[in-house]
Each structure stands twice: as structure tokens, then as C-alpha cells.
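These protein sequence lines map, in sequence, to chains A and B.
Residue numbers for the first sequence follow UniProt numbering, beginning at 1 and rising by one.
Residue numbers for the second sequence follow UniProt numbering, beginning at 1 and rising by one.
In case anyone wonders, no lab produced these hints; they're calculated from the structure.
Quick caveat: nothing in here was measured; it's all calculated off a predicted structure.
Careful, some of the hints might be misleading.
Here are the simulated EDC-like pairs of lysine to aspartate or glutamate, each with C-alpha atoms no more than 20 Å apart in a straight line [what the hints assert, rightly or not]:
1. B:116 <-> B:128
2. A:47 <-> B:201
3. A:47 <-> B:52
4. B:104 <-> B:154
5. B:104 <-> A:120
6. B:107 <-> B:51
7. B:107 <-> B:128
8. B:10 <-> B:154
9. B:10 <-> B:57
10. B:74 <-> B:61
11. A:215 <-> A:115
12. B:129 <-> B:174
13. A:116 <-> B:51
14. B:106 <-> A:120
15. B:116 <-> B:154
16. B:3 <-> B:234
17. B:173 <-> B:185
18. A:116 <-> B:52
19. B:78 <-> B:61
20. B:221 <-> B:234
21. B:78 <-> A:120
22. A:47 <-> B:71
23. B:18 <-> B:51
24. B:173 <-> B:156
25. B:74 <-> A:120
26. B:69 <-> B:51
27. B:10 <-> B:71
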Amino acid sequence: MDFNINIFIESIPYLLRGALVTLRLSIISVGIGVVLGLFIGLARISKRYIFRIPATLYVEVIRGTPLLMQLLIIYYALPSFGINLGAITAAIVGLSINSAAYTGEIFRGGIQSIEKGQMEAARSLGMSYFQAMRYVILPQAFRRILPPLTNEFVSMLKESSLASTLAVTELLRAGREIVAWKANVFSPFLGVTLIYLLMTLPLTRLSIWMEKRLKTSD
Amino acid sequence: MIKVVNLHKKFKNLHVLKGINLEVKKGEVLVIIGPSGGGKSTLLRCINRLEEPTEGEIYIDGIKITDPKIDINKIRQKVGMVFQLFNLFPHLTALENITLAPIKVKKIDPKIAKEKAYDLLRRVGLQDKANSYPSQLSGGQQQRIAIARALAMEPEVMLFDEPTSAIDPEMTKEVLDVIRELAHDGMTMIIATHEMGFAREVAHRIIFLDQGQIVEEGSPKEFFENPKEERTIEFLSKILSV
Ligand SMILES: Nc1ncnc2c1ncn2[C@@H]1O[C@H](COP(=O)(O)OP(=O)(O)O)[C@@H](O)[C@H]1O
Ligand SMILES: [Mg+2]
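Pulled out of the complex, with its shape left as it was, chain A reads as follows (with noise of 0.2 Å):
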């Protein structure tokens, strides 16, 4: 154990500085991910082939690869097109990508979780489909959908660590930047062992705590 408290002390607002990277990539990320999600998964329950297929594709080549893979064909192949991102543009349109795929099986879910008599009782009242999704089915699914949505975004919290590897200073890589500074490996782990459960832990109580009122409710 190399555990140095002066060296935990002093870590931390450097850690503070690479959580507020990694809040900023997850938010941002997510918050595309959900917009892109919603078509993605719109698209999917379409009856229309050329919606539904691409989606579909989208989809499963996202979740059956490796995001680090996603992230440095978007960092290091795509500047031989002649497309030159910075690190954190790359790692932002990355990680949104990625987060797309998943929201989109989320609002897949949610939507299709809905009575199929409320999309009924809107069309016969003369509602297109798209009045029917938006006054009727998307704001009783969103509601079902805000817990998988929390998840996504505690899940997106750690996986923007993968950020790193693209030169992203986030949580993870100021403290192994410290690591390498300090020669100590448990101080500044520590404390951004501490950070992560900070930013995840109330979150994750957040969703069980709507997941339960949802249960009541219905």
C-alpha cells in the first residue's frame, strides 16, 4: 500500500477538473444519444423497410462491438477521409453514437410497452400517426423510460472513461496522469474511485426510486 493522504488531498481538484470533462461528455452524449435514439427507435418499430433495416444494422453493429474500437476508428481512421476531429469532439461523437443505439432499444422498449388501444384510440379520433406518438404514446412512454434513461447515463459516466485513450484528460486519465506525476497509485485512485460513486451512486438510487413509483402508480 502507497496510500500518501497529502498526495490524496492534493489530487483532488485536479480530479475535480477531469470529473467536470467527464460530466460534460456524458451529458452532451447522452443528450444526442436520446434525440437520435427516439428516430432510432421509431425507425425500428416502423412497418417501412427502409427505415427499419438501417436502424436495425445501426443497431446491432454499435452493441456487437467494442466501443474503444468505436472510438478509435472515429479518432484515428477517419482523418485519412480528410475529416480531422479534436480529441474531444471525437470522443463526444463517439460516445453519442454509441449512446444512440442503446436509447434507441430504450424507446424502442418503451414505446411498445404502451397498450396497443392507446395508439387505437388516437387513430380513430383521427390522429396521424405521428400526433398519435407525440400526444399520446411518447409522453406515457418517456415516463416508463426515465429509469433505463438514468441507467444510460451512469453507464455513459463510465464508459466516457474510455475517452482517455483518445488524449481526453476526463476522471480517469487526471488520475492516472497523478499516477504518473506522484509515483503513487492508491492516492489519486482513491480519490477518483470517490468521484465516480459520488456521480453514479445518487443516480442509480434515482432510478430504482422511479422505477418504484412507476410500479405504484400503474
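Model the placement of chain B with the ligands on the given structure of chain A, informed by the hints.
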């Protein structure tokens, strides 16, 4: 008003409607009775194309609604539908359930839509429930809201699919009274029901639908007092003896 010509509906290999022909005049109340699984719901659902007919034509007001080029959303505004399980929107209040489609589909001014919704709530006897959510209402109350919701679009025809089947017996009357009132006001209606007393009282004409075919058709008096077909007699003796 409504004309159904040689209507067939198949679900994969299951032949559910086998050549239905019927006509409903303006202001007429047609009641469909028949055993469960006989095709009552499917027939009603074909009339507003919640189900796509496999074969045959349906005309509403002379417009061929089975034409694939038709704007079905326009047609559905003229055809109100009341479901067995109400299908109210649980995230909206009773009032919002009623005003949603007029505001979003017909683009009616929200204030006017609201006033009209209050009129409808009075009509179904639930003016004090405007701000209740469906989960706070009894089955009978929910179904009356569902009727008000359909009426808010000012339909020319109302379709009722066993509107009291999912409601406690002591609350069916309040729903039937609302439908009775509509009949009295001259609304054109097609009603699938197992309430024989109600059918007899409110119907101008009754059809007996069994195994996807109209087995017998007649005035309530003829139908109940002097049924001709074997299957009708058997069905009536079963249902009236319980
Ligand atoms: N979406 C569907 N897919 C397959 N079979 C169906 C579907 N809807 C109804 N059916 C079948 O069609 C038949 C008629 O059903 P329905 O119209 O609901 O009868 P009823 O309303 O008279 O009880 C039943 O055998 C039912 O199982
Ligand atoms: Mg039925």
C-alpha cells in the same frame, strides 16, 4: 350513410369475416349481436379501418373508404369509436382526453374546445370530473368520458364495441343511458353488445353475426320474438336463460 359490400377479413389463415353486406341509414341504430369470436369487433374495426379489409368495399357518405388513396384520418373524424376497454389516455385528465383531438386534429381554439368539452361532460353527467385522471374514475365513468371524447369530434356515426362488457353490472346503466340519449337525438350508430334488453329497446335493426357471417337480420320485434335461423334460436335461448 354506411354501406358494406362483400367484406372479407382474414388474419393469416383465419377467415374471420366471410362476405358481410350491410347498410345503415342516417339516424339508424344497428345492433350487432352474436357469440364471442363471431367477428363483431373485427367488423366494427374494419369500418374505420383500424383493420384493413382483405376484400370488399366500405362506403361512408358515398365515399369509398377502402380506397387506398383516401385520407383515412379525415374519414375517421366522421366515425367515432368507443372501445370495450375504454382506452382513455391515462396521462391526461378527463377534460384533456376530450379536447386533445379537437385541438390537435381539427385545430379548434383551445378555449372553445374546452367549453364544448364541458358541455359534453354535462351531457354524460360528469361535469365534476373534468380534472380527474382516468385512474381515479370507475369503469362506468371512464366509458362515459370515452363517449364524450368520441363525440367531441362531432362524428356522423358512432361505433360501439361492447361498451359495457368491461364494466361492473351496477354501472352499466349509466353508460347505456348515455347511448340511449344519443339514439334519441338521432345519432347514427352501430353497437355490438350482449345486453339483450338494451338491444331490443334501442335498436332499429338487429343483425346476428356468427362465424363471420350475418346469419339473421331483422327488427328487434321479429328478431327476439320470431327468430328464424337455427343458430339464432340457439344463441338466444342460451343468452336469455342466464
Ligand atoms: N389481430 C388479430 N389477429 C389474429 N386473429 C384475430 C385478430 N383479431 C381478432 N382475431 C380473431 O378473429 C375472430 C373474431 O374476433 P372478434 O372480431 O374479436 O370477435 P367478437 O368481437 O365477435 O368477439 C376470433 O377468432 C379472433 O381470435
Ligand atoms: Mg369483440
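Each hint tested on the structure:
no.: 1; hint: B:116 <-> B:128; verdict: holds (15 Å)
no.: 2; hint: A:47 <-> B:201; verdict: violated (44 Å)
no.: 3; hint: A:47 <-> B:52; verdict: holds (14 Å)
no.: 4; hint: B:104 <-> B:154; verdict: holds (14 Å)
no.: 5; hint: B:104 <-> A:120; verdict: holds (16 Å)
no.: 6; hint: B:107 <-> B:51; verdict: violated (27 Å)
no.: 7; hint: B:107 <-> B:128; verdict: violated (26 Å)
no.: 8; hint: B:10 <-> B:154; verdict: violated (32 Å)
no.: 9; hint: B:10 <-> B:57; verdict: holds (15 Å)
no.: 10; hint: B:74 <-> B:61; verdict: holds (13 Å)
no.: 11; hint: A:215 <-> A:115; verdict: holds (16 Å)
no.: 12; hint: B:129 <-> B:174; verdict: holds (15 Å)
no.: 13; hint: A:116 <-> B:51; verdict: holds (13 Å)
no.: 14; hint: B:106 <-> A:120; verdict: holds (18 Å)
no.: 15; hint: B:116 <-> B:154; verdict: holds (11 Å)
no.: 16; hint: B:3 <-> B:234; verdict: violated (29 Å)
no.: 17; hint: B:173 <-> B:185; verdict: holds (18 Å)
no.: 18; hint: A:116 <-> B:52; verdict: holds (16 Å)
no.: 19; hint: B:78 <-> B:61; verdict: holds (10 Å)
no.: 20; hint: B:221 <-> B:234; verdict: holds (17 Å)
no.: 21; hint: B:78 <-> A:120; verdict: holds (15 Å)
no.: 22; hint: A:47 <-> B:71; verdict: holds (18 Å)
no.: 23; hint: B:18 <-> B:51; verdict: holds (15 Å)
no.: 24; hint: B:173 <-> B:156; verdict: violated (24 Å)
no.: 25; hint: B:74 <-> A:120; verdict: holds (15 Å)
no.: 26; hint: B:69 <-> B:51; verdict: holds (16 Å)
no.: 27; hint: B:10 <-> B:71; verdict: violated (23 Å)
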